[in-house]
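Protein sequence lines correspond, in order, to chains Y, A, R and S.
Sequence positions in the first sequence follow the working numbering and run 1 to 341.
Sequence positions in the second sequence follow the working numbering and run 1 to 341.
Sequence positions in the third sequence follow the working numbering and run 1 to 341.
Sequence positions in the fourth sequence follow the working numbering and run 1 to 341.
Don't read these hints as lab results, they were simulated from the structure.
Just so it is clear, the structure is predicted and the values come from calculations on it, not from any experiment.
Mixed in with the good hints there might be a few duds.
Since copy identity is lost for identical chains, a pair holds within one copy or between any two.
[As the list claims (entries may be wrong)] In silico lysine-lysine, DSBU-like type, Cα no more than 35 angstroms apart, as pairs:
| no. | residue 1 | residue 2 |
| --- | --- | --- |
| 1 | K282 | K121 |
| 2 | K31 | K282 |
| 3 | K219 | K12 |
| 4 | K219 | K18 |
| 5 | K288 | K219 |
| 6 | K288 | K12 |
| 7 | K121 | K338 |
| 8 | K18 | K2 |
| 9 | K121 | K221 |
| 10 | K292 | K338 |
| 11 | K31 | K121 |
| 12 | K288 | K221 |
| 13 | K121 | K292 |
| 14 | K338 | K146 |
| 15 | K121 | K12 |
| 16 | K219 | K121 |
4 protein chains.
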Amino acid sequence: MKQMRIEDYGFKIGRYPKGELNKITDVYGVKVGHFTVDTGRNKTGVTVIIPCEDNPFVTKLTAASHIINGYGKSTGLMQINELGVIESPIFLTNTLNIGRVHDAAVEHMIMRCDRENLEIKSYNPIVCECNDAYLNDIAHRVVGAKEVFSAYDASVVDFTEGDVGAGKGMSCHQLKGGIGSASRIVRIEDISYTIGVLVLSNHGSLEDFLISGQPYGTKIKAIQDTACEIEKGSIIVVVATDLPLSDRQLGRLIKRVPIGLAKTGSYMGHGSGEVAIGFTTKNRVPRKGNYKIDQIQDSNLDGPFHALAEAVEEAVLNSMICSDRTEGFDGNVRESLKSYI
Amino acid sequence: MKQMRIEDYGFKIGRYPKGELNKITDVYGVKVGHFTVDTGRNKTGVTVIIPCEDNPFVTKLTAASHIINGYGKSTGLMQINELGVIESPIFLTNTLNIGRVHDAAVEHMIMRCDRENLEIKSYNPIVCECNDAYLNDIAHRVVGAKEVFSAYDASVVDFTEGDVGAGKGMSCHQLKGGIGSASRIVRIEDISYTIGVLVLSNHGSLEDFLISGQPYGTKIKAIQDTACEIEKGSIIVVVATDLPLSDRQLGRLIKRVPIGLAKTGSYMGHGSGEVAIGFTTKNRVPRKGNYKIDQIQDSNLDGPFHALAEAVEEAVLNSMICSDRTEGFDGNVRESLKSYI
Amino acid sequence: MKQMRIEDYGFKIGRYPKGELNKITDVYGVKVGHFTVDTGRNKTGVTVIIPCEDNPFVTKLTAASHIINGYGKSTGLMQINELGVIESPIFLTNTLNIGRVHDAAVEHMIMRCDRENLEIKSYNPIVCECNDAYLNDIAHRVVGAKEVFSAYDASVVDFTEGDVGAGKGMSCHQLKGGIGSASRIVRIEDISYTIGVLVLSNHGSLEDFLISGQPYGTKIKAIQDTACEIEKGSIIVVVATDLPLSDRQLGRLIKRVPIGLAKTGSYMGHGSGEVAIGFTTKNRVPRKGNYKIDQIQDSNLDGPFHALAEAVEEAVLNSMICSDRTEGFDGNVRESLKSYI
Amino acid sequence: MKQMRIEDYGFKIGRYPKGELNKITDVYGVKVGHFTVDTGRNKTGVTVIIPCEDNPFVTKLTAASHIINGYGKSTGLMQINELGVIESPIFLTNTLNIGRVHDAAVEHMIMRCDRENLEIKSYNPIVCECNDAYLNDIAHRVVGAKEVFSAYDASVVDFTEGDVGAGKGMSCHQLKGGIGSASRIVRIEDISYTIGVLVLSNHGSLEDFLISGQPYGTKIKAIQDTACEIEKGSIIVVVATDLPLSDRQLGRLIKRVPIGLAKTGSYMGHGSGEVAIGFTTKNRVPRKGNYKIDQIQDSNLDGPFHALAEAVEEAVLNSMICSDRTEGFDGNVRESLKSYI
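Based on the sequences and whatever the hints tell you, model everything.
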């Protein structure tokens, strides 16, 4: 059954046209897979964003990362910025499970390279996290190789959003958060390009929550009688595009992620580690020889900046509206945004 | 006559209490002075933010700078981040006038040190700029030593906002912009502190302009029949506080400036060089000997983050609502926000 | 038996006085432990630097990290720079073993907090790596919880250097590298402080290798008839001190690490991920309430800068001279510097 | 008369082949001009590095900047890193003269654009500085438009080194410093490229000074009986190349500048603001339309890294050996390195 998304509730976020699915996978070659752990003790999981159909370790993708709030534990970012590429899928999980997912990612690529008859002596897996300890017994680290491989194998174009995969135990604006996505189309020099966004949302306080500039958070708070929590928990934003951008230009693009977050009411709290990663499928780096990177004029970035911010805003809202009410560890509960709209 | 500010029009921005004047000068010791050039050819000027009553070159103030969009020409930022202090007032002017104002700032401090019998062989003046070329013949660089000294001498606590000083020729969301200010009070460990903000606004497109989340820009556009301009022009945000913060913590604080900008509809356009500078009057660095820097817990920064974003949002609105319609160079005109509210 | 170190061969590196052991552990509270894996297939291991006697997760240590060459996979760095503290020991291992050591570090701290009756829902383990694939079958990831715990339990003040722990499989200037250490004493405002350095060396080409400015590399090359290899493999430099420094000042200090590396002939090759981490035992951050950070004048940093560079230079040489000839995976061999001096 | 350079004294720095002149101008299109002020009160000047024959404001050059020690006042750096290009010549002068040279640079480009019928409403002049206050009455700012224009007009390929232009009043390792240059040739994928370096040297203490690893500083100190001064004063390093590099790759290249500095005995003292700027003439950015940036493999950067460090080392030595003994302001004197070799 098709999930109801924020646009299905009548909210129009921004003015740029959307991609076919309005998901990150509107960028050709991108797939997303989840594995969800849903037990009494654990509400958690892993989500993998696969950036291209072939092996990214062989022909790397131009990429950039941007640390908005460094209070987080994501791995692999510094090499992205040094070399301007990603060579791995992007894995999302919970904070204390970073190590096990990292090792599973290494194992997965070693096996793949063995099959493809490639030597692998070094590898930079990108593993990002949010802290789902409110609903999940986080010290009990239940995501390992089996779960990561399953998420990988389950990857599809038309993936599920909400309380799935790494999003299972996440909270957003004191409601249920998780995985959300959106996409936008921009035209530059008469060619159309796609910008896709996927978020793992786990941030924000209820009081600040906005939809299309409207203070839904204060309204919901009046109903729920919720105590104010400090904003914490992080958000990870993955941006895919087929725009001809250099790593520097991708860096500029993803620096606009906070605009979208601010529009839904984030104040980038102290405890909210916020990280953005962007890649383009357009500029692949070959293994050998000189090569050329296609670039648009920087003055043509205004459209992409605007479109990106819109997609981030909508992806956060989708992560909430697609999530169901969840009762987790220690009796903690997060209501769904659905109940209030 | 008292200027009408955005709160006087019935808009309540955020929920933190405001300082007495609701200006950056609510932080004790801070003063602001303007010199305005208003001729047929030139609509421009200089604004100086004086951070403390005594000489900042002698007892420097803990500070940080943050480059949101580096497409700008501000001077003095790299030394702020290397040493964690400012030793000069902060001067604001137009893009091509940076050199002359820089030299005037040097001259001013040399004269002051001569009077105070201090040796000065090096000095780091902070000069920031926005591009007022729409209303000002920017190639004609009319702000020099006389104008800078006059601005300095004119500095007061209850300063004017709007189309004055460096703000004379600036545009914001395709309306008249310029100098705006606001302040907020936060309580930490039972003590009240002030966060003050001053902006030189010169960014944004009309279509995106928001007040309290409401799309005033599209409404005004319907009236004005304005062509959409790309966002460009820059914004400078100066943050003063008396909070006990380290330079690192000030850096975290001013990284939240984009939240306030996003709330009024900025997308941090390609052409919009955006720079934030923050300082605290609480932690002064003596000339000799070891010293101690007072710090709050980072986990207590959530209040300041929130308050700062509110103050930035309100300061941008004040910069617009306090500005009059201006006819400038080449027949270009910016209407005042006042006409539409 | 006491290891022969570079000073025992008559080389005097620099002019600052050394600490008692001339090791990082001259900084009070610091200990170092190794676990070495030495099989036909694997030459690798783990080394842990424990920064203080009590639990760093409770009272964190002021710290900084500096990425010289981001072609590496170290974890935990971004949070160090965001918050200015470390809350974990520093673990060193090989590149592909990052994930398993990360998870072991998490497990270790969870167990410790359980014993100390502390809640732990988030944790930032610092795990750094070099690539020992020349001597070690790196895809076979043999360092897990047992090995990490053993290294921790084996920690001492007067630790072994050379081909031990994480250093077992490392190469330096095409000779055997690994763990090396040194320390220096600086006097500031009439008080003596210690700067200690520990390196995991795995970088450099033979041709460029220098001792005290003398081209030993070219001499050895003439004897060995070695093919020139490109510089790769990384170096991790851990700096401990009891100087009253802020996180910003520690950042400035460790930015001088490349001077020491250059003195032994490093050119910071493309493939050589180079990371420095520094912490001070002097400025601990309490769990609650405002606090003060002691700082020296930045103008007093010249001595520490000089002393640090000397210690880095000597630590690299100690990592080589303390290592024995090692025959590793695939028949690859690294000779010891001892054979040529 | 040809100047005697360090190679003419029998010192061979490094192993890479040199360009024809062994100067930055071996990169085709680059020229250098000086204007020297040599009065009783003032020993100072301005040096301009012109990056290309046509107007860089029109077709900008791919570029990067790197701040080694931010205790300096250079202007224009942040825009280089945001946009990855330079659009102006690079001007060198003394610390307090930054403002006047900045304004002269603006004036010069406005005049040029007028002549070439180009609109100019914004411009990012790069003006870098060292502090020559030991030999120059720095508060007396004698370099203005006339001097800057003269330097520009005097630009040539085979330029003078030593105590000329901005180098007139500079000191290096407590001897006379100033302008120095060197170049190296690297081969990548069977094509030869040039890397050229120009330094404005004004750093270092005598005690630490090295030539080819030999402690010349301590020898000279024994003769001179010089008091030890703390290292201060800065160095600016400009790197030109015709290598096909992206801005990110140029950034990696110029991060190796400290290796060359360390080889001559720099410890990057607290007071020594150190800045590197690099550009390539190979990748020009057109005014309109998409474009392609040529890049080499990052794994081919090892040669350029090595060659760059060699050129920096030699350029520093040339800046000293080409300088004459100078008696300056207040009776201060710097001896020439020539006297001791």
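Cross-check of the supplied hints:
{"no.": "1", "hint": "K282 - K121", "in the structure": "both (27 angstroms within a copy, 34 angstroms between copies)"}
{"no.": "2", "hint": "K31 - K282", "in the structure": "within (16 angstroms within a copy, 37 angstroms between copies)"}
{"no.": "3", "hint": "K219 - K12", "in the structure": "both (20 angstroms within a copy, 17 angstroms between copies)"}
{"no.": "4", "hint": "K219 - K18", "in the structure": "both (29 angstroms within a copy, 24 angstroms between copies)"}
{"no.": "5", "hint": "K288 - K219", "in the structure": "between (58 angstroms within a copy, 34 angstroms between copies)"}
{"no.": "6", "hint": "K288 - K12", "in the structure": "between (46 angstroms within a copy, 34 angstroms between copies)"}
{"no.": "7", "hint": "K121 - K338", "in the structure": "between (48 angstroms within a copy, 29 angstroms between copies)"}
{"no.": "8", "hint": "K18 - K2", "in the structure": "within (18 angstroms within a copy, 47 angstroms between copies)"}
{"no.": "9", "hint": "K121 - K221", "in the structure": "between (53 angstroms within a copy, 26 angstroms between copies)"}
{"no.": "10", "hint": "K292 - K338", "in the structure": "neither (48 angstroms within a copy, 47 angstroms between copies)"}
{"no.": "11", "hint": "K31 - K121", "in the structure": "both (26 angstroms within a copy, 31 angstroms between copies)"}
{"no.": "12", "hint": "K288 - K221", "in the structure": "between (58 angstroms within a copy, 29 angstroms between copies)"}
{"no.": "13", "hint": "K121 - K292", "in the structure": "both (27 angstroms within a copy, 32 angstroms between copies)"}
{"no.": "14", "hint": "K338 - K146", "in the structure": "within (33 angstroms within a copy, 47 angstroms between copies)"}
{"no.": "15", "hint": "K121 - K12", "in the structure": "neither (48 angstroms within a copy, 37 angstroms between copies)"}
{"no.": "16", "hint": "K219 - K121", "in the structure": "between (55 angstroms within a copy, 31 angstroms between copies)"}
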